[in-house]
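Asks: This is what each chain is made of:
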Amino acid sequence: MSSIEVKNVSVIYGSGTPFEKKALDNVSIDFGNDRVVGIIGHTGSGKSTLAMLLNGLNKPTEGTVLLGGKDIWENPKEINKVRFRVGLVFQYPEYQLFEDSVYKDISFGPKNMGMEGEALDKAVREAAEFCGVDGKVLNKSPFELSGGQRRRVAIAGVAAMTPEVLVLDEPAAGLDPAGREEIIGGLLELRRKQKSTMIIISHSMEDIAKYSDYIVVLDKGKVHLQGTPAEVFSNAEKLFEASLDLPQVTKLFVELTKRALADNTDVYTVEAGVKRLKKTLENKAR
Amino acid sequence: MLRDVTLGQFFPGESLLHKTDARFKILILLVYIVGVIAANSAFSFLLIGTVTAVLVVLSRIPVKIVLKNLKAIIFILIFTAVLNIFFYSGETLLVDWYFIQIYKEGLIYAGFMMIRLICLVCGSFVILTYTTSPLDLTDAIERLLSPLKKLKVPVHEFAMMMTIALRFIPTLIEETDKIMSAQKARGADMESGGLIKRAKALIPILIPLFVSSFRRADELAEAMECRCYHGGEGRTRMKQMESCFRDYVFFTVMLGVCIGVFFINGYGVTV
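Chains A and B supply the protein sequences, listed in that same order. Using my numbering, the letters of the first sequence map in sequence onto residues 1 to 286. Using my numbering, the letters of the second sequence map in sequence onto residues 1 to 271.
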């Protein structure tokens, strides 16, 4: 499987007009191989611009985007092929549905890739299953479904293209907690099966802490911090600088440590927190 | 990209033209257009051209941006020029080759026509669209048309519809951009193929766009009702438009230019 990397990338919008804006400023990130990378940042930090760079919807003003070691803009006419290898799910993807049945909509991407017959059918059904789209709704019109279900259909539409890298821009925004869990959980399973790299953009610290192996913090178009969750969240000061926060469970442990009720603050998910607390209580009971 | 479209975009600024009352600007533009269309001699075009150049400088809009708009109408420019060169008949024949006859007058007329179009586009953009925010513009139109209220013309409603339409142009452009990107990410190919294939490729963009426009319209209507919007009757404004001495001077100068054009129309090269 190929790795994806951006090197010294800058993006400037509307250069030469009064609205000129530097969306990304000399950003270098190695997203690596077969892992889940979380990107966090405040509104306007350049997260979405970065996402669109990765599959060639945006062309960097400076710098290169490397997919499997090769510059994706080497041959601009072949950029469509890059888009098949790097799947991008936009924010609120439910508004991109247009076909008259869910099945047809999910098969739009794979069909554009030239998939046919049984392979197409298999890809569609598999993606639908992993994204939690019920087999019964496949023949319904997407406009009959609820918002959450439509979101799943839209994500399945990209997952069905079996991309090597899957980029998700705020996949869980506006969903209830159960829906969040189900969508991201399903995608993680799919990723494990396809051994692809997954990049999740979010501003929910909890989601990022829970799912990522590697975290990139963006602020004002620059890489503010990057590293493993432990490396990033142990640097609370710098997170605050980017107007971001620690996961709530970590904050709880910071307070507990202050009161000598816990001995460490390296807890980033609720599950780990529960385990740690249980252990402490057991130790106390003895 | 769609967001590069500058045609009819407001550029915020502090120039003299920005500060002029929008109602006056509409009237000034009307007088200016009369002048541009009435001009038919070298001297009157010289006058109009100078005035246009002065307006561009006064607006402090970068010349590059003004010229960018001309690119959009370049096809019309060439088209009218070609038509005039080949089909205008006069007295002095310059070229006579099979069925093609080119007259000196045709060449001159084509030149005038091009200057006229360029002035029209640059002038109206600089006077109105570039330097007037859409809100001010619709307000001014409403005020200028308000005498029609006596004839039971729903002027306020028209103005409100225009405001909303203008307000949503950027939103719709952004939305189209987003949907296009999303479909491109799914491998939609919009750049190649014949006419039918290209038209078909628009379906994945148009359907979501329509759906979201209806949703937006619905939401907006509800939001307006929630804030007790009930039409124009008894409605007051937060920003009152105020005209000042400068506006009158500006208008008088433009009127003078227009009248001047009529006076010098007979001088210099004419057709």
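In short, the hints are calculated from the structure, not lab data. Even for Gly, the Cβ is constructed at its ideal location relative to N, Cα and C. Some hints here could point you the wrong way.
Stated by the list, open to error - With beta-carbon atoms standing in for the labels, derived distance ranges:
(1) A:44 x B:243: 37 to 47 Å
(2) A:258 x B:9: 29 to 39 Å
(3) B:230 x A:178: 39 to 49 Å
(4) B:19 x A:76: 27 to 37 Å
(5) B:198 x A:236: 51 to 61 Å
Claimed, not checked - To spell it out: a stretch of chain B is covered by chain A in this simulated footprint if at least three of its residues, at any positions, have a beta carbon under 8 Å from a beta carbon of chain A; those stretches are:
(6) 171-185
(7) 207-213
Asks: Hint by hint, note whether the structure agrees.
Replies: Now for the hints, and whether the structure bears them out:
1. Taken as a hint, the range 37 to 47 Å holds for the pair residue 44 of chain A and residue 243 of chain B, whose Cβ atoms sit roughly 39 Å apart.
2. Taking 29 to 39 Å as the suggested C-beta distance range, the pair residue 258 of chain A and residue 9 of chain B does not conform, at roughly 54 Å.
3. The beta-carbon spacing between residue 230 of chain B and residue 178 of chain A, approximately 42 Å, falls within the hinted interval of 39 to 49 Å.
4. At about 46 Å, the beta-carbon gap between residue 19 of chain B and residue 76 of chain A misses the expected band of 27 to 37 Å.
5. The supplied range of 51 to 61 Å is met by residue 198 of chain B and residue 236 of chain A, whose beta-carbon atoms lie about 53 Å from each other.
6. Evaluation of the coverage hint for the region 171-185 of chain B: fulfilled, as 7 residues show C-beta separations to chain A shorter than 8 Å, against a requirement of three.
7. With 4 residues having a beta carbon nearer than 8 Å to a beta carbon of chain A, the region 207-213 of chain B meets the requirement of three or more and the stated coverage holds.
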